[in-house]
Amino acid sequence: MIQNQPKLPKEFIWAGFDSMQQQENNNDMLNEPLVDLEGFFKGDEEAIKHAAELINKACLTHGFFQVTNHRVDSSLIGAAHDQMDGLFKLPLDKKLRVQRNKGEMWGYSGAHAHRFSKQLPWKETFSFGYNYVDDQGGLMNSYKPIVFDYIKSSLGEDFEYAGCNSYPPCNEPSLTFGTGPHCDPTSLTILHQDQVGGLEVFAHNKWQAVRPRQDAFVINIGDTFMAMSNGRYKSCLHRAVVNKKKERKSLVFFVNPKEDKIVRAPQDLIDREEGTKSRKYPDFKWPHLMEFTQFHYRADVTTLQSFFQWLPSSNLP
Numbered sequence: 112m113i114q115n116q117p118k119l120p121k122e123f124i125w126a127g128f129d130s131m132q133q134q135e136n137n138n139d140m141l142n143e144p145l146v147d148l149e150g151f152f153k154g155d156e157e158a159i160k161h162a163a164e165l166i167n168k169a170c171l172t173h174g175f176f177q178v179t180n181h182r183v184d185s186s187l188i189g190a191a192h193d194q195m196d197g198l199f200k201l202p203l204d205k206k207l208r209v210q211r212n213k214g215e216m217w218g219y220s221g222a223h224a225h226r227f228s229k230q231l232p233w234k235e236t237f238s239f240g241y242n243y244v245d246d247q248g249g250l251m252n253s254y255k256p257i258v259f260d261y262i263k264s265s266l267g268e269d270f271e272y273a274g275c276n277s278y279p280p281c282n283e284p285s286l287t288f289g290t291g292p293h294c295d296p297t298s299l300t301i302l303h304q305d306q307v308g309g310l311e312v313f314a315h316n317k318w319q320a321v322r323p324r325q326d327a328f329v330i331n332i333g334d335t336f337m338a339m340s341n342g343r344y345k346s347c348l349h350r351a352v353v354n355k356k357k358e359r360k361s362l363v364f365f366v367n368p369k370e371d372k373i374v375r376a377p378q379d380l381i382d383r384e385e386g387t388k389s390r391k392y393p394d395f396k397w398p399h400l401m402e403f404t405q406f407h408y409r410a411d412v413t414t415l416q417s418f419f420q421w422l423p424s425s426n427l428p
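112 is the number of the first residue of the sequence shown in this note's numbering; add one for each residue after it.
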């Protein structure tokens, strides 16, 4: 168990990394939009317009916002956290029975040691697949219209995958990350975190802490959505820091394009742009980007650029 290490192993040290500043006790709080969805459910056109304006502004700036009154029952969220707690409290030998092996997407991972040999993240994860079209009255049945309608017309029925994250206390938190600075390669990320804190977003040229809210879901834009918007919406650069005293946990749900759908900015969006009216990104399909980030490249702030350099011409749509 990584939290039982008296001294930080060298494999976890990120010292000298450009973004280590303000690692501990970051007092700069992100003033991200808090979007109230109550008006959306009631069909209040003014409230819907206001919410859309808040989301649009956030996506143009840093790609991050939170939503409240989402109508996901708090007891269901609590039950999900209870299940996650039970999972991470299992003996290591039991967790390793579902270990995520190299080349696999799903399962348990301790610090992603199956993928990386240095700058390991100080965390445990459990990843699993999920498809909301099979959901029968569960969490995503009530929530999906809010976050999926915008992209459904372009991407069709989307496949998602989900995960649980545990960030144990660390004796030397200033030397490591729970998750290093990166942009998600996916379309959208939906996250519910506990009240410990540790999520930070890079906005306005500095790292800013995200205030945990028990009643809110965190939403951030990923690289695929940025490509769909022709770079207009910003993929959110974020990281997770750790602390000496408290374990932090989060539940995360990723929205990805259907495998056979081409990721391409709509032509009417291109036509409305000022200046040169051209696509900034080549067409691609999600399975190729997923393969790149799972097996060839560690997601960071330049994932898309590196992906297009790697993508063989034979794989272009």
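What the hints contain is simulated information worked out from the structure, not anything from laboratory work. Some hints could be false.
Stated by the list, open to error - When the alpha-carbon atoms are kept at most 16 Å apart in a straight line, the in silico EDC-like pairs for lysine to aspartate or glutamate are as follows: (1) Lys317 - Asp139; (2) Lys391 - Glu402; (3) Lys213 - Glu402; (4) Lys357 - Asp196; (5) Lys168 - Asp155.
Since the structure is predicted, the reported quantities are computational estimates derived from the model, not experimental observations.
Outcome of the hint check:
1. Taking the CA atoms of Lys317 and Asp139, the gap is near 9 Å; set against the 16 Å cutoff, the hint holds.
2. A hinted pair counts as satisfied when its Cα atoms are at most 16 Å apart, and Lys391 with Glu402 does not qualify at roughly 22 Å.
3. Taken as a hint, the Lys213 and Glu402 pair is honoured in the structure, with Cα atoms around 12 Å apart against an allowance of 16 Å.
4. Restraint check for Lys357 and Asp196: the C-alpha separation of about 14 Å stays at or below 16 Å, so the hint holds.
5. Taken as a hint, the Lys168 and Asp155 pair is broken in the structure, with Cα atoms around 20 Å apart against an allowance of 16 Å.
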